[in-house]
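Chains Y and D, in that order, are what the protein sequence lines are. Quick note: the first sequence, position 194, residue 194 per the numbering used here, numbers continuous. Quick note: the second sequence, position 59, residue 59 per the numbering used here, numbers continuous.
Possibly wrong hints are sitting among the right ones.
Claimed, not checked - Listed below are the simulated DSS-like cross-link pairs for lysine-lysine, each with C-alpha atoms no more than 30 Å apart in a straight line:
id, chain 1, residue 1, chain 2, residue 2
1, Y, 123, D, 28
2, D, 20, Y, 123
3, D, 203, D, 184
4, Y, 123, Y, 211
5, Y, 81, Y, 53
6, D, 184, D, 20
Calculated directly from the structure, the hints in this document are not laboratory data.
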Amino acid sequence: MGFRYLLRRLALMVPVFFLVVTVIFFMIRFAPGGPFSSDRNVSPEIMRNLEAKYHMDEPLMQQYFRYLNDLIHLDLGPSFKHANRTVNEIIGEALPVSMELGFYSLVWALVIGISAGMFAALKPNTLFDYIPMSISILGICLPTFVIGPAMILVFSLWLGWLPVAGWDSWQDRILPSLTLGFAYAAYISRLTRGGFMEIRSQDFIRTARAKGLSEGKILVKHALRGGILPVVSYLGPALAGIITGALVTESIFAIPGLGRFFVESATNRDYTVVMGTSLLYFTLIFVCNLLVDILYVVLDPRVKYE
Amino acid sequence: MSNSATIEIEENEVGTSLWKDAFYRLKKNRFARYGAYFLLFECVVFLLAPVIAPYGFEVQNLENTLAPPSFPHWFGTDSLGRDLFTRVLYGGRISMAVGVLASLVSVIVGVVYGAISGFIGGRTDNAMMRIVDILYALPFIFLVIILMVYFGRNIFLLFIALGLTQWLTMARIVRGQVISLKHKEFIEAAHSMGISETSIILKHLIPNSIGPVIVYLTLTVPSVILEEAFLSFLGLGVQAPMASWGTLISDGVSVMEIAPGVLFFPAVSLALSLFSLNFLGDGLRDALDPKGARD
Numbered sequence: 001m002g003f004r005y006l007l008r009r010l011a012l013m014v015p016v017f018f019l020v021v022t023v024i025f026f027m028i029r030f031a032p033g034g035p036f037s038s039d040r041n042v043s044p045e046i047m048r049n050l051e052a053k054y055h056m057d058e059p060l061m062q063q064y065f066r067y068l069n070d071l072i073h074l075d076l077g078p079s080f081k082h083a084n085r086t087v088n089e090i091i092g093e094a095l096p097v098s099m100e101l102g103f104y105s106l107v108w109a110l111v112i113g114i115s116a117g118m119f120a121a122l123k124p125n126t127l128f129d130y131i132p133m134s135i136s137i138l139g140i141c142l143p144t145f146v147i148g149p150a151m152i153l154v155f156s157l158w159l160g161w162l163p164v165a166g167w168d169s170w171q172d173r174i175l176p177s178l179t180l181g182f183a184y185a186a187y188i189s190r191l192t193r194g195g196f197m198e199i200r201s202q203d204f205i206r207t208a209r210a211k212g213l214s215e216g217k218i219l220v221k222h223a224l225r226g227g228i229l230p231v232v233s234y235l236g237p238a239l240a241g242i243i244t245g246a247l248v249t250e251s252i253f254a255i256p257g258l259g260r261f262f263v264e265s266a267t268n269r270d271y272t273v274v275m276g277t278s279l280l281y282f283t284l285i286f287v288c289n290l291l292v293d294i295l296y297v298v299l300d301p302r303v304k305y306e
Numbered sequence: 001m002s003n004s005a006t007i008e009i010e011e012n013e014v015g016t017s018l019w020k021d022a023f024y025r026l027k028k029n030r031f032a033r034y035g036a037y038f039l040l041f042e043c044v045v046f047l048l049a050p051v052i053a054p055y056g057f058e059v060q061n062l063e064n065t066l067a068p069p070s071f072p073h074w075f076g077t078d079s080l081g082r083d084l085f086t087r088v089l090y091g092g093r094i095s096m097a098v099g100v101l102a103s104l105v106s107v108i109v110g111v112v113y114g115a116i117s118g119f120i121g122g123r124t125d126n127a128m129m130r131i132v133d134i135l136y137a138l139p140f141i142f143l144v145i146i147l148m149v150y151f152g153r154n155i156f157l158l159f160i161a162l163g164l165t166q167w168l169t170m171a172r173i174v175r176g177q178v179i180s181l182k183h184k185e186f187i188e189a190a191h192s193m194g195i196s197e198t199s200i201i202l203k204h205l206i207p208n209s210i211g212p213v214i215v216y217l218t219l220t221v222p223s224v225i226l227e228e229a230f231l232s233f234l235g236l237g238v239q240a241p242m243a244s245w246g247t248l249i250s251d252g253v254s255v256m257e258i259a260p261g262v263l264f265f266p267a268v269s270l271a272l273s274l275f276s277l278n279f280l281g282d283g284l285r286d287a288l289d290p291k292g293a294r295d
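Please work from the sequences and hints to get the whole structure.
Shown next, in the form of structure tokens:
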């Protein structure tokens, strides 16, 4: 892949990011209500002080440029609702939690999805194929917010094996990450199955078979690389989906991650936290897509970007 | 001799049109057929909801809360003693309406954008598609959430916002169709016969590119329904007196320990509808677009 392509993609990110900042900033500011409108009986003097503290008394354009300037210095400002905390601090605490959740979910999705898909492709049209593929239809059609509560109901409340919610011990990690990863595992298993079925009928596999390689070796040495290409190209959307899906998963399992802060700050008009978290989301997803594109070229030399 | 014979046969035979062919293929697909039946059944039930529903969907009965399914309350009652069957019916109405309307918004925007881009071609096409590429990388659901929170949870705003998150793929599909059709022989033939531009667009371009549009529309509806349920689950979608399946599921989760039914029935209705739509969409894709890509 051209190094220039990479540079161009990165360079493109700057205006897009700027556009996103502008759109969100003005969307929030033009909406009725403000961060202090829900506080009851605030005397006008205190209100004035509050507004002065957060520079809300300045003209909008000035606030906008102030925000941009702070942003360049990677300062996302103070939170309006969490007293004495900056958005940087909040993100610093919440992001690792969300990243951990996302990482485990992706691992589940890949491990379960690829192995189920390979099983199905090895013995097509048998029970090894039908059972995982039927479960995967369930996984694709059932939303996270049905799977999650259903798992809590079965594994926590009825069987008592795993905790209902929280984010302290390792047991707490299992249900949320499974919930979030399940839908992607389902989709990945179908992609893997399709990819392997296609690659198994190709000439170089027949050659490998003709020279006497065992089926297992053919699978690992020759088919795997091409067979998981569809999965790789799905990784971009999957990562984006996992990041968005975390909003719901974190609220179901009461996990102190980024998603919870985003939803909470959006509802109580914590301007700076909304801005900070959504900008972070945009950046994360943009970077993930770029990484996936690079990975795709590494795996398949036939793909070239100009 | 044999030549004239074949011509005669062709003249006498009633040619199966693309649509008849597609319909035949669709009928043979069992899952797609069941999906279509179920959706048809749902549509009838939802339209007749005010007649069928045994109770008002807001009527509370605080002496009979969280009742299990029984004869007077088929699906039981929720935490305020409202009849769950009635609420699932009305919730389905809202979910379906949002799904269909938002998908129509996405189709209109996508088709117009894609057709213009493909038809004009050249630099304009390049620029328009680059914009689509950029927008693809942006997670719109966050914008929708911010929009919903700040500009009131208005149901019209909801389906327009959701529709606007879905038009990108549609634009790409239509553009591809238009470009591939533009250079086909039958379009050239139409040009050479002096048929007007409008007539070519209306009689040849649109009918020939509408197949993939319908397929994608069918597949957009379930994803919009899912997005709406996602928002409603977070408490950002449809507002209190009204309910969609998402809000019902969210209510169900809060009482699932005592009364799993309150979660079960809306969840199953949602899942069945999504199944049916996906099966029908896949079936339509196989029927209308036999060469089309499958995953």
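*State the violated hints by number, sorted upward, taking the hints as numbered earlier in the document.*
Failing hint: just 2.
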